[in-house]
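Sequences are here, hints too, so could you generate the full structure?
For the sequence shown, the numbering used here gives the first residue as 286, with consecutive numbering after it.
Simulated from the structure, these hints should not be mistaken for laboratory data. Hints are supplied without guarantee of correctness; some may be wrong.
[Stated by the list, open to error] In silico DSBU-like pairs for lysine-lysine, Cα to Cα no more than 35 angstroms straight-line:
#1 359 x 521
#2 359 x 338
#3 521 x 891
#4 911 x 891
#5 359 x 911
#6 861 x 359
#7 861 x 911
#8 891 x 861
Treat the numbers as computed from the prediction; the structure is a model and nothing was measured.
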Amino acid sequence: MTAALLSPPVTSAPREEPTPPGAVPVAHLFGFVGWGSVICGVAALSPLPPVIKAVLLGIFVLTGPGIAAVARLKLPRAAAIAAVPAVGLAAMSASTMVLTWFHHPVGVLLHVVALVAVAAALPRRPVGALRVSRPTLGGLAPMRSWPAALLAVAVAGWLVALPGLRNAPYSQFGLLFVGTGPAIALCTLVAVGGFVSALRQGRLVTAAVAIGVVVAIQRLTVTLVTDVPIYNWAYKHLGVVDYIRRFHDLPGGSDIYGQWPSFFTAFAWFGDVSALDPTVVAHVFAPLIHVLIAVEIVAIAKLLGFTSKVALAAAMIAELVNWVGQDYFAPQSLAFVIALGIVALLIASATHRVAGYLSIPLFAALVPLHQLTPYWLCGVAVVLTIAGRVRPRWLPLPYVVLLVAYLIPRLAIVAPYGIFSFNPVANAQSNIELEGSFGKFFTSTVCRSLSAAVVLLAVVCMVIWWRRRQPFLIAAVLAFGSFALLAGQSYGGEAIFRVYLYAIPGCALLIAPLVVYAIDFRSTRALLRRAVQVAVVSALSAAALAGLQGYYGLWSIVVEHRSQIDVGAELLAQEKTPIKVMSLYPGGGLSTRSTADYLRFTERDKDFDQSIPALPADFLRDFPNKGQLDEITAGAAGFEGNTFIVFDQQASLALDYYRYLPPGAISTFEAQLRASPQWRIRDTDDVTTIFEFNRDGGGVEAPPRCANLGWFSGEACGVGNSVGGAG
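Okay, here's the thing in structure tokens:
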């Protein structure tokens, strides 16, 4: 019993097996999928509804270029499957960036479709086989089972609970504590129970379906109960995409998105071809990313020699413990998927050098996609190469050359953000260190506890495999290599979140064999057997609940409303430069950067949309009862453009949640604005109110502390005792 626990499958590279009876060679399967992908690519150009065109185009991107690349390469089947979506996403991002000047979206698609068609027509090398049985009643029998029944109950309960989440009231503990939120947690637990039962019975198809059900409950829920994407900061990315679509160029100046632009060029191209609003793409982005991550983790596990049970367990563990909200419409999400595909190729390169060669162009595509992910991946490649697990041994050299060559011309752009700080303790700090409300303390404690438990359990598993002389190095490098990032960068206070995100696949791979052993545990002592089974189900359930709380704990603060997106876009479209937009909180509801118009204002003033917490501490002392409104009014009067102050529901909740300001400060500030003749309401609805400085409101006395504001660059200070508007 002990030997079985301490002996995971040997993680040497699996040998190619002969095609078993009834199985379809992967090369043939790739041929079928390749031609299907070509059909989807051509159909995406037909006069169909944008949603259908986007689905067809998405299928082509995720399958066509990848199949064209691997069809004639001798790769392990798991590596080939992992490479297909990674190659497609890398090809879309890199080619559209290089061809930004060549604004012919349809022409680019037709050329790629033609290449895929040629690759599908050419003879293919053998790449192992996949067993694909003809669907019969007997073949469907595995789905007619107790695990499948649990999944059906989970899906049914989830669908019933969805309507009650749309207008859920605010709770400082998040969505799981209001409305039908508890039902979401319960349905997740039922799905986890179905997964455990399926693995125990060896029903692998049902177990894979269970992973999909958990992804749907945890991430697709957001898409189905909201009208627009969540997270205010996601709309900055949509603004860059809109700029590229409108002007067929990259943002210039010091805009950092213009220096790492391939994510934005990719989705500008995608929107041009499909005619689908990128906001819709962003709305469904997270669940798609999670499906791709699960596929990549399963492939990596198979390349390490694990059984299918362990591979599926690793994917489920990674899904349950991933509370980090880095799956939204952002370069990070796409880069993470491509990076996992490259990891699969690095592992396969030990026995198939061509996999290492294929990883080089993928890494080249990754470099202009995201600022941080390539450095983590390069570190992983270096360590694995030193350990003799990557071939050829010079493979990290082009990685390093690509990174250095891309960074040096952009040093002046990234320097203001901080390049290397070499302070791991400070870099590990979150970007929000306030004590906050009890709800904030609760959610933070849950997230930190889950993260610590995952990492510590992974360490324990690593020690077990090391003591038993079992291969563990590759999984350990994936699990703990990202912590080296803390030595050099804080990434704007978000490095610790990225470190955990990068660590999840490796931790899951270390933990999964132990979980599968516990699920399959057999003993003549019924009490011991039952105790082990209860322990593993309880651990997975606790991880699921903690992951859900981490993701949904800020629900009311991060949910956006259609009216706020429309009002923000209208404001920027109508105004002339320069303007000042003061919000209550940096992640509030009103987005000032969701369209291309934001570039007009950042070119003049990169901080045109500042928030109250970002203002000087001296200015915020005893806010707003120390004449702060007078200072803002004086600054607005001396400013040559229009000034706006935005109140929105999310910002008010965030200020209370994090305790940025004393209770009642915001309502007092709003009352002062409503009573002031120098301010008038420009727009208002049930979630947002925008005040505009009224130059016809009479003279404004400049207070002696005017310089403390700083936001107006001192323009209103020293002008005299009175600075008046037109009236």
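Worksheet item: Checked against the structure, which of the hints given earlier come out wrong?
Response: Structure breaks hints 1, 5 and 6.
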